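Protein chains: 2
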Amino acid sequence: MPNPPARPPRWIGSPDDLILVSVDDHVVEPPDLFEQTLAAAWKARAPKLIQNKRGDDVWSFEGRVLPNIGLNAVAGRAPEEYGTEPTSYRQMRKGCYDVHARIDDMNVNGQLGSMCFSSFPGLCGRLWCQTEDKALAHAVCLAYNDWHVDAWCAAYPGRFIPLGMLPLWDPKLAADEVRRLARKGCHAVSLSENPTSLALPSYHDDSFWDPVWRACVDEGTAVCIHIGTGKGIPTPSMDTPIDAAILATPLAIANCAADLLFARCLRRWPSLTFVLSEGGIGWIPYFLDRADYVYEHHHAWTGQDFGDQRPSDVFRRQMVSCFFEDPVGIELRHKIGIETITWECDYPHSDSTWPHAPERLWRVLEGLPPDEVDAMTHRNAMRVFQYDPFAAIPPEQATVGALRARAKHVDLTPIRGVGGKPPGVGEGEVVRMLQVAKQLAGALDG
Amino acid sequence: MPNPPARPPRWIGSPDDLILVSVDDHVVEPPDLFEQTLAAAWKARAPKLIQNKRGDDVWSFEGRVLPNIGLNAVAGRAPEEYGTEPTSYRQMRKGCYDVHARIDDMNVNGQLGSMCFSSFPGLCGRLWCQTEDKALAHAVCLAYNDWHVDAWCAAYPGRFIPLGMLPLWDPKLAADEVRRLARKGCHAVSLSENPTSLALPSYHDDSFWDPVWRACVDEGTAVCIHIGTGKGIPTPSMDTPIDAAILATPLAIANCAADLLFARCLRRWPSLTFVLSEGGIGWIPYFLDRADYVYEHHHAWTGQDFGDQRPSDVFRRQMVSCFFEDPVGIELRHKIGIETITWECDYPHSDSTWPHAPERLWRVLEGLPPDEVDAMTHRNAMRVFQYDPFAAIPPEQATVGALRARAKHVDLTPIRGVGGKPPGVGEGEVVRMLQVAKQLAGALDG
Chain A
9 MPNPPARPPR
19 WIGSPDDLIL
29 VSVDDHVVEP
39 PDLFEQTLAA
49 AWKARAPKLI
59 QNKRGDDVWS
69 FEGRVLPNIG
79 LNAVAGRAPE
89 EYGTEPTSYR
99 QMRKGCYDVH
109 ARIDDMNVNG
119 QLGSMCFSSF
129 PGLCGRLWCQ
139 TEDKALAHAV
149 CLAYNDWHVD
159 AWCAAYPGRF
169 IPLGMLPLWD
179 PKLAADEVRR
189 LARKGCHAVS
199 LSENPTSLAL
209 PSYHDDSFWD
219 PVWRACVDEG
229 TAVCIHIGTG
239 KGIPTPSMDT
249 PIDAAILATP
259 LAIANCAADL
269 LFARCLRRWP
279 SLTFVLSEGG
289 IGWIPYFLDR
299 ADYVYEHHHA
309 WTGQDFGDQR
319 PSDVFRRQMV
329 SCFFEDPVGI
339 ELRHKIGIET
349 ITWECDYPHS
359 DSTWPHAPER
369 LWRVLEGLPP
379 DEVDAMTHRN
389 AMRVFQYDPF
399 AAIPPEQATV
409 GALRARAKHV
419 DLTPIRGVGG
429 KPPGVGEGEV
439 VRMLQVAKQL
449 AGALDG
Chain B
9 MPNPPARPPR
19 WIGSPDDLIL
29 VSVDDHVVEP
39 PDLFEQTLAA
49 AWKARAPKLI
59 QNKRGDDVWS
69 FEGRVLPNIG
79 LNAVAGRAPE
89 EYGTEPTSYR
99 QMRKGCYDVH
109 ARIDDMNVNG
119 QLGSMCFSSF
129 PGLCGRLWCQ
139 TEDKALAHAV
149 CLAYNDWHVD
159 AWCAAYPGRF
169 IPLGMLPLWD
179 PKLAADEVRR
189 LARKGCHAVS
199 LSENPTSLAL
209 PSYHDDSFWD
219 PVWRACVDEG
229 TAVCIHIGTG
239 KGIPTPSMDT
249 PIDAAILATP
259 LAIANCAADL
269 LFARCLRRWP
279 SLTFVLSEGG
289 IGWIPYFLDR
299 ADYVYEHHHA
309 WTGQDFGDQR
319 PSDVFRRQMV
329 SCFFEDPVGI
339 ELRHKIGIET
349 ITWECDYPHS
359 DSTWPHAPER
369 LWRVLEGLPP
379 DEVDAMTHRN
389 AMRVFQYDPF
399 AAIPPEQATV
409 GALRARAKHV
419 DLTPIRGVGG
429 KPPGVGEGEV
439 VRMLQVAKQL
449 AGALDG
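Going line by line, the protein sequences match chains A and B.
Under the numbering used here, residues 9 to 454 are what the first sequence spells out, in order.
Under the numbering used here, residues 9 to 454 are what the second sequence spells out, in order.
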């Protein structure tokens with residue numbers, strides 16, 4: 009994936025000079041999501057935002073109640089009040105669901121661009137796959153995409169990288185949607201770490217996936233695989249402290265990366281690109297060393313054939329990763345592949361560095377060659393997703409300093425006391441998977 | 009875990025000068041395992057090695073047949089004939105199960121010391137946990153340990169690091185066994201990545217595990233956690249190529265490491281040591297960066313308290329890792345903790361570098377300071393396991409060169425045509441989890 013011809017390097021002397029494009033943020037869907045984009049015939053059956061008896065905001069769809077409208081959307085709260093809720097809009101910063109407030113929040117963080125994953129339908133449209141009436145699911149999936157591209161992203165040209173969901177249960181429909189989205193300027197789609205968790209064929213079933221891959225290759229559309237979209241997060245037991253799960257979940261995308269690396273699809277479609285969303289980068293050099301070792305050591309009995317390449321070559325050609333700050337990953341950037349690294353903010357989730365991303369990033373980027381900084385902070389993302397913010401916003405207006413100058417009015421006082429119930433643990437106890445599971449299930453009680 | 013006072017560095021100018029102690033090898037149990045060590049009262053019910061109708065060697069115990077006597081014990085075969093069998097002794101190199109031949113095989117690999125994990129009872133004694141009659145399980149577990157320490161390891165003083173299994177279902181009995189083993193000079197025990205996979209309480213249940221940890225701390229006994237001893241290996245589906253599983257399985261120990269790192273036991277027992285067996289090392293700097301990030305970022309709501317330390321400090325104080333060659337891990341050795349790294353050979357499994365370990369290692373160790381090389385190749389293992397090979401073998405007779413000089417008679421001609429059935433795949437197809445599962449299940453048919 010070559011970058012365009014190098015421009016003369018620009019001066020990057022402080023966090024203010026960075027140009028930041030995040031490939032992993034999240035939108036909490038607003039209540040009027042389906043009003044404009046869903047055909048009238050389906051409107052009565054669209055997901056609806058209602059209030060339950062307790063006053064929580066919940067989505068209602070096909071007899072199901074989906075209470076976690078903004079799972080972990082805690083940006084702006086005091087850290088003691090982070091958690092896995094909220095369960096209503098009033099518990100969230102407006103930037104979670106209102107695009108104008110979102111732009112303010114991006115500006116105050118000095119962030120030029122953002123790719124926003126969905127919330128209530130699941131990060132890769134699990135809800136549509138689980139919907140029995142596939143005609144309805146198809147209509148709602150496309151209407152969601154239309155809202156995402158034509159309302160959310162289009163509200164501020166140059167500020168968003170659009171990202172679509174696919175009707176994954178039908179490869180022909182999915183391929184059609186890849187092409188339809190591309191015509192709308194959307195060159196990213198969100199798929200699962202493990203499609204068998206959606207009762208779909210694995211990524212090794214070429215006859216199922218080939219139409220989708222062909223469409224992605226034809227349209228130059230990248231496939232985003234977000235952590236946590238497979239068979240749950242890695243938790244040895246319900247006693248596992250939530251910290252351990254937060255620590256280990258990004259790394260677990262290595263299972264999907266390994267599965268794809270030894271699948272045929274990457275070698276059969278050498279311009280197909282997978283993006284490991286929120287997976288971190290510092291583990292990748294080890295992973296590539298080990299991939300090459302395993303190939304060299306075992307291929308004679310396993311039957312794998314990479315021709316004159318090694319697995320690490322294929323990874324660097326076709327896989328893209330992203331990081332928050334990841335000091336060791338940045339140190340090892342040339343072992344990963346400087347053209348494969350992108351940055352993410354993860355707004356509005358609790359793991360995010362918002363609104364201090366530029367200063368946090370500077371700790372690991374200060375002193376690096378400017379062309380490497382620009383590659384990792386925005387140029388790679390621009391190439392991978394065919395995203396050109398500078399068509400709308402000149403580079404000198406796109407820096408951290410320039411954007412923050414427009415956000416003087418944004419209130420950053422930590423929000424306190426608006427959260428839902430904290431996970432119920434006693435004095436001196438820690439939050440475990442059990443409490444988080446209970447909290448999420450408890451949202452159903454209202 | 010400080011090393012003893014530094015000696016003047018010795019000269020290490022070639023692979024011949026290395027002194028190699030492996031903390032992860034495997035023994036395939038010989039048929040006469042229980043003959044000497046099991047009390048007469050239990051002998052009739054001991055696991056018995058029998059031949060099935062097909063002529064495979066299988067263990068029979070309490071009505072169960074255990075066919076995979078030497079899972080993946082393929083050392084010495086031509087690589088095209090690696091696989092997940094063998095299912096009989098005649099398909100294996102004698103060094104797998106005969107201690108005299110094992111010493112020859114260690115010598116020809118220039119390997120001074122070896123810690124050998126068990127095969128048919130599972131790597132941490134899963135079989136004993138699954139045995140209904142706990143009095144029988146206890147007797148057999150202890151008899152196995154006696155064979156391991158007094159017959160296998162004691163046959164060649166200075167050449168083996170003994171490793172015990174525990175009656176894990178009863179913490180009092182387990183603690184007693186830790187102390188009994190220590191009196192026999194054994195300061196290592198094998199536990200599960202995830203005890204809930206053995207229907208035991210998680211590592212967060214202090215009231216269950218405290219007697220075991222107290223015994224380990226009192227006796228200076230290290231707890232070895234081998235990969236694959238939890239809830240299976242990471243495979244997105246049965247279509248997953250076996251290569252992907254081989255690639256991803258070591259890294260999956262990060263889930264256990266995260267679970268332990270945020271458990272109370274490490275902080276409550278600051279001299280308790282866990283060894284991540286076969287987990288590799290190159291991912292650890294990323295893991296520690298992320299552990300500290302997660303702690304800093306989330307502890308205010310999760311309730312974790314590391315006092316004046318960070319999670320990475322606790323990891324370096326109490327966790328030990330090991331590697332085959334792992335170039336990036338060696339490059340980052342000071343970020344991991346030079347005193348926490350040990351080496352492994354993994355004989356006789358297919359991932360092993362035997363009999364070329366010294367030359368493979370030299371690729372990553374050449375040019376490093378000799379004291380760092382010695383720390384990683386043997387001195388750390390000596391400290392962690394209270395193992396002193398030099399009491400029996402002077403250092404000058406313990407080098408790769410000296411040991412190989414004693415092994416001129418060892419035949420290294422690749423073994424061909426003795427394997428069991430290869431996994432059944434067609435021309436141009438690759439070996440997948442499904443074929444491996446069928447091959448393992450097929451061993452039951454005979």
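These are computed hints drawn from the structure, not numbers from a lab.
Keep in mind that this is a model prediction, so the values were computed, not measured.
A couple of the hints might just be wrong.
Listed next, the stretches of chain B that the computed footprint assigns to chain A, with coverage defined by at least 3 CB atoms under 8 Å from CB atoms of chain A [unchecked claim]:
#1 168 to 177
#2 333 to 342
Derived lysine-lysine pairs resembling BS3-like cross-links, with alpha carbons at most 27 Å apart [unchecked claim]:
#3 A:142 to A:51
#4 A:102 to A:416
#5 B:239 to A:239
#6 B:239 to B:102
#7 B:51 to A:343
#8 B:192 to B:180
#9 B:343 to B:102
#10 A:51 to A:61
#11 A:446 to B:239
#12 B:51 to B:142
#13 A:343 to A:61
#14 B:102 to A:239
For each residue, glycine too, the CB sits at the ideal point set by N, CA and C.
Quiz item: Does the structure keep residue 239 of chain B and residue 102 of chain B at a Cα separation of 27 Å or less?
Solution: Between residue 239 of chain B and residue 102 of chain B the Cα gap is close to 31 Å, so the pair fails against 27 Å, i.e. violated.
Practice problem: Take a quick look at whether residue 239 of chain B and residue 239 of chain A sit within 27 Å of each other, Cα to Cα. | Solution: Answer holds: residue 239 of chain B to residue 239 of chain A is near 13 Å, not above 27 Å.
Quiz item: Holds or violated: the region 333 to 342 of chain B covered by chain A, criterion of 3 or more residues with Cβ-Cβ distance under 8 Å?
Solution: holds (count 6)
Quiz item: Taking only the CA atoms, is the gap from residue 51 of chain B to residue 142 of chain B under or equal to 27 Å?
Solution: Holds, at roughly 15 Å.
Exercise. Starting from residue 102 of chain A, check that the Cα of residue 416 of chain A is at most 27 Å away, please.
Key: holds (17 Å)
Exercise. Would you check the hint for residue 142 of chain A and residue 51 of chain A, treating anything up to 27 Å between C-alpha atoms as holding?
Key: holds (15 Å)
Quiz item: Has the given pair, residue 51 of chain B with residue 343 of chain A, been kept, meaning a C-alpha gap of at most 27 Å?
Solution: Judged against 27 Å, a Cα distance of about 57 Å means the pair is violated.
Quiz item: Does the alpha-carbon distance linking residue 343 of chain B and residue 102 of chain B stay inside the 27 Å limit?
Solution: Since the Cα atoms of residue 343 of chain B and residue 102 of chain B sit roughly 40 Å apart, the hinted pair is violated (cutoff 27 Å).
Quiz prompt | Hint consistency between residue 343 of chain A and residue 61 of chain A [alpha-carbon to alpha-carbon, up to 27 Å] | solution = violated (54 Å)
Exercise. Compare the distance between the alpha carbons of residue 102 of chain B and residue 239 of chain A with 27 Å, and conclude whether the hinted pair is satisfied.
Key: violated (42 Å)
Quiz item: Can the region 168 to 177 of chain B be counted as covered by chain A under the rule of three residues or more with Cβ-Cβ separation shorter than 8 Å?
Solution: Coverage by chain A is violated for the region 168 to 177 of chain B (0 residues, Cβ < 8 Å).
Practice problem: Quickly compare the C-alpha distance for residue 51 of chain A and residue 61 of chain A to 27 Å and report which way the hint goes. | Solution: Holds, at roughly 24 Å.
In this structure, the earlier hints numbered 1, 6, 7, 9, 13 and 14 are contradicted, and the remaining ones agree with it.
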